[in-house]
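Top to bottom, those sequences are chains L and U.
Mapping of the first sequence onto the numbering used here: residues 1 to 306, in sequence order.
Mapping of the second sequence onto the numbering used here: residues 1 to 306, in sequence order.
These are computed hints drawn from the structure, not numbers from a lab.
It is possible that some hints are incorrect.
Note: identical chains are not told apart, hence a pair may lie in one copy or across any two.
To be verified - Taking lysine-lysine pairs in the DSSO-like style, the calculated list, with each CA pair at most 30 Å apart, reads: (1) K304 with K257; (2) K280 with K304; (3) K161 with K244; (4) K161 with K304.
There are 2 protein chains.
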Amino acid sequence: MTTNKLRIAFVGLGSMGLGMAKNLLAKGHAVIGVDMNPDAGAALRASGGQTAASPRAAAAQADALVLVVVNAAQVEQVLFGAEGAVGALPQGRVVMQCATVPPGFSTALGERLAAAGHPLLDAPLSGGRARADTGELTVMSSGTPQAYAQAEAILDAVAAKVYRLGDAPGIGSLVKTVNQLLAGVHIAAAAEAMALGTKAGADPRALYEVISNSAGNSWMFTNRVPHMLDGDFTPLSAVDIFVKDLGLVLDTGREVKQPLPLAAAAHQMFLMATAAGWGKMDDAAVVKIYEQMGAFSVAERAGKRA
Amino acid sequence: MTTNKLRIAFVGLGSMGLGMAKNLLAKGHAVIGVDMNPDAGAALRASGGQTAASPRAAAAQADALVLVVVNAAQVEQVLFGAEGAVGALPQGRVVMQCATVPPGFSTALGERLAAAGHPLLDAPLSGGRARADTGELTVMSSGTPQAYAQAEAILDAVAAKVYRLGDAPGIGSLVKTVNQLLAGVHIAAAAEAMALGTKAGADPRALYEVISNSAGNSWMFTNRVPHMLDGDFTPLSAVDIFVKDLGLVLDTGREVKQPLPLAAAAHQMFLMATAAGWGKMDDAAVVKIYEQMGAFSVAERAGKRA
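In isolation and in its complexed conformation, chain L is listed as follows (with noise of 0.2 Å):
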């Protein structure tokens, strides 16, 4: 804990960027965000926020810059493009990068801020909106003792649990690479039992009542196929956040020469559930494709659909 009040640069207002950023606020920080979209600078705003139309013009005086981006390419242009945040940022001030990227992205860049005078805190975030909204993010992180400690009221603000997985940036993202692999084949796996349970006659309610509560059972499976039963892709998480972070589970396998034979499969999956236009819908809209295969519908078994 820490009583400091920091002036924080904070880059990416989106579902989970926003909450956060509202937190720290909450704890008396202030907060100087940067987003392409105007209603989140304006929802920024109306909670007592500042807003900057850079990350360069953000980062100046700042004492911390948090990035909730969506990919490495975002995180590249943020701090190294032409209005790039590394130049602007007081030296010595700690970087913290939440987005899912590549290990060896993180790794690499840990060495490039190191060089232009920034720690690195490798800090991707799992719990969704709802949790960032609360506060009570889990934060799968790595750094130096030095960056932890830049970091620390940040962390206070917006998480319930920081799992402190080492010194080299590198890991943090690595673990969450790793839950990212299961994830994806628990939610493609769950749609593929729903799938099968609902072709050859089980009541789809019935099915998810036994197997949420049997060995069967995933954090995904209780999670999201009751999508699946209310036919409601409302996406809280969509498919194309799989589309890519299962894409990098197998960059990340390619790089270390390790074989993934279900996370291709589980790819694959949502690659087809993307280009059949299901890209946005949230993630449980991959059991559409089992469904076409198929020829039926689990809503429809389960009483929603007409």
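Using the hints provided, position chain U relative to the given structure of chain L.
Frame of chain L, contents of chain U only:
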């Protein structure tokens, strides 16, 4: 609940059957056991049970016949083989069949037994040896009210939870089959995830700690990864069980024309493990295939193997 004391013919005194039979004895029922392994019969007699030389001999004058054998071929043999129980079991008495078998086999078996004058309770089990020993199994069952009424005292003695999934034999086996799809995929995915993380440089025990508290968790991940970390493949459930059960899953998908790419990939991993000579090891030994492919050892990195 019932105070009826039954005379129960019980075929299959293996890792689950013996515990179940002992719980039946403890409730005051008479149990006449049959198993090819003389040690199993001796263990039953030591607990106050009787044994018979054949299913036919055990079934004569029995109130119910319970089968806890390995697969459909054994069920066929026990019921309809040369020394089979059908014909000897008194008319009208229930057959409770607990093996994991193809759902279509169970459906057909229900019709064949009905023609022979016996109701069938389709009653696959979940919970493993530990729950069998404590009388706390989960039963995924279907059958007529008549079948349930006759099996009630048996279910009371062996199960903590009985899912009643319908009147028709086959649905119980189908739900168990779907559970096995997920269980098998989740074990292989757990191995794949531990392999990727370890190969890429994460500490395997830290990885286990983080994932088992995150959205990537599954019942199987929590339960089986400790075997991988310890390199201890003492069989609780064997690789060959999943070679069989995922085979059943794929047969069922073929029968109803539902493609199952994740189950197919997982099945290949278990086939590789049995091809490598590890079929009798604990199912968590599927990780050894990933280790072999990746030329490393999870347990060694976890500090367990030299």
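Going down the list of hints, with the structure as the test:
| no. | hint | result |
| --- | --- | --- |
| 1 | K304 with K257 | between (45 Å within a copy, 24 Å between copies) |
| 2 | K280 with K304 | within (22 Å within a copy, 45 Å between copies) |
| 3 | K161 with K244 | within (25 Å within a copy, 41 Å between copies) |
| 4 | K161 with K304 | between (37 Å within a copy, 28 Å between copies) |
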